[in-house]
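Trainee: Given the structure of chain Z, go ahead and fit chain E onto it with the hints provided.
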Amino acid sequence: GESVGLHLPTLSVQEGDNSIINCAYSNSASDYFIWYKQESGKGPQFIIDIRSNMDKRQGQRVTVLLNKTVKHLSLQIAATQPGDSAVYFCAENYPITSSGNTPLVFGKGTRLSVIA
Amino acid sequence: GAVVSQHPSWVICKSGTSVKIECRSLDFQATTMFWYRQFPKQSLMLMATSNEGSKATYEQGVEKDKFLINHASLTLSTLTVTSAHPEDSSFYICSAKTSGRHYEQYFGPGTRLTVT
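Those protein sequence lines, which keep their order, are chains Z and E. Residue 65 is where the first sequence starts when you use our numbering, and the numbers rise one by one after that. Residue 61 is where the second sequence starts when you use our numbering, and the numbers rise one by one after that.
Rather than coming from a laboratory, the hints here were simulated on the basis of the structure. Any given hint might turn out to be false.
[Unchecked claim] Pairs of lysine-lysine, DSS-like flavour, derived with a Cα cap of 25 angstroms: (1) E:K101 <-> Z:K172; (2) E:K115 <-> E:K101; (3) E:K101 <-> Z:K135; (4) E:K74 <-> E:K115.
[Stated by the list, open to error] Facing chain Z, according to a computed beta carbon distance under 10 angstroms, are these residues of chain E, among others: (5) Y96; (6) Q98; (7) M105; (8) T109; (9) F151; (10) C154; (11) S155.
[What the hints assert, rightly or not] Sample of chain Z residues facing chain E (criterion: CB under 10 angstroms; computed from the structure): (12) L72; (13) I98; (14) Q102; (15) K106; (16) Q109; (17) I112; (18) A142; (19) G171; (20) G173.
Because the structure is a prediction, the values reported are computed rather than measured. Note that CB positions come from ideal geometry on N, CA and C, so glycine has one too.
Just chain E, same shape as in the assembly:
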């Protein structure tokens, strides 16, 4: 149980285009989802927290108009990188948790984005 999937697992796009990444909780309802970004040889950096049905909370330094997050259902959150640039190339990882399980957070397999 407690499986989180991401789609796509990798994507290559041209500079200036937008890319959508999906994060799904497959066997539980995720009231909260988190999006992280990880550059090579670095740690995971939290980008934003999204609660189902409300606006995402972005970490300092993360542009909300560039990284659009939607958490419209209890099993799906999406991250859209708008007008992507090569510096947006990174490994994007989501995680999900359910209400009442304060500590338990489950991670997706990640999405590798390369902007050319």
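Excised from the complex, chain Z in its bound form:
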């Protein structure tokens, strides 16, 4: 992930519109990527994941796109709802090390604000 700033970027969307949240990851050798949703005062909640041998994966109302050429990840949320308001983080999983550890490295996050 990139270095952390003091203010999260904010994306404001109208209820019912589609949302696109972008993320740049740091390690070209990362082989697994995850999007998390975090509501205030709670831990990260898994949304969707994608492995490096894919460039697109769809879930329920969500789609993740992976562009390895430019090390870019995006999360698309269809028909955004007020309950989607939260901070969204991408995370990359570095390849497994000799110690067997594979910690996640988080991006800086984007706050999604849904306007009813």
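Mentor: Chain E only, in chain Z's frame:
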């Protein structure tokens, strides 16, 4: 399934005292647990990785004598903040994974620590 709990959910302590935070995997055996710290409006920063039965591996800049991590069983890891200071006030989040499931990591709900 794959539930991770943390206790306490929030704690207030006086400067100079020590605080212990527990992380439990409720329905699976966690061979590896991770501890993260999150400051307001910032991303999750990995503090340390602990494998059951061995010493934790700390990230650069994290004082191992200040943040004591114990992973004595396959379902419990503890983080003790020793001689806490106001700058240690943060949101501490643990995550857990099981062996053989290389990619899947489950997050706890977090613990809010406030040092006065």
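Trainee: Under 10 angstroms is the threshold here; is the Cβ of Z:K106 close enough to any Cβ of chain E for the hint to stand?
Mentor: holds, 6 angstroms
Trainee: Regarding the hint that E:F151 lies at the interface with chain Z, is the smallest CB-CB distance below 10 angstroms?
Mentor: At 8 angstroms from the nearest chain Z Cβ, E:F151 passes the 10 angstroms test, so the hint holds.
Trainee: Have a go at the Z:I98 hint: is there a Cβ in chain E nearer than 10 angstroms to its own Cβ?
Mentor: holds, 8 angstroms
Trainee: Quickly compare the C-alpha distance for E:K115 and E:K101 to 25 angstroms and report which way the hint goes.
Mentor: With Cα atoms ~31 angstroms apart, E:K115 and E:K101 exceed 25 angstroms; violated.
Trainee: Less than 10 angstroms between beta-carbons is the criterion; does Z:I112 satisfy it with respect to chain E?
Mentor: violated, 13 angstroms
Trainee: Quick one, is the Z:L72 hint okay against chain E at 10 angstroms, beta carbons?
Mentor: holds, 5 angstroms
Trainee: Given the proposed pairing of E:K101 with Z:K135, does the C-alpha separation stay at or below 25 angstroms?
Mentor: holds, 24 angstroms
Trainee: Are the Cα positions of E:K101 and Z:K172 separated by 25 angstroms at most?
Mentor: Between E:K101 and Z:K172 the Cα gap is close to 9 angstroms, so the pair holds against 25 angstroms.
Trainee: Hey, does the Z:Q102 contact hint survive, CB to chain E under 10 angstroms?
Mentor: At about 9 angstroms, which falls below the 10 angstroms cut-off, the nearest Cβ of chain E leaves the hint on Z:Q102 intact, so it holds.
Trainee: Regarding the hint that Z:G171 lies at the interface with chain E, is the smallest CB-CB distance below 10 angstroms?
Mentor: At about 7 angstroms, which falls below the 10 angstroms cut-off, the nearest Cβ of chain E leaves the hint on Z:G171 intact, so it holds.
Trainee: Against chain Z, with CB atoms and a cut of 10 angstroms, does the hint on E:S155 hold up?
Mentor: With a minimum Cβ separation of about 8 angstroms from chain Z (threshold 10 angstroms), the hint on E:S155 holds.
Trainee: At a threshold of 10 angstroms, is the proposed contact between Z:Q109 and chain E supported by beta-carbon distances?
Mentor: holds, 8 angstroms
When each numbered hint is compared with the structure, violations occur for hints 2, 4, 17, 18.
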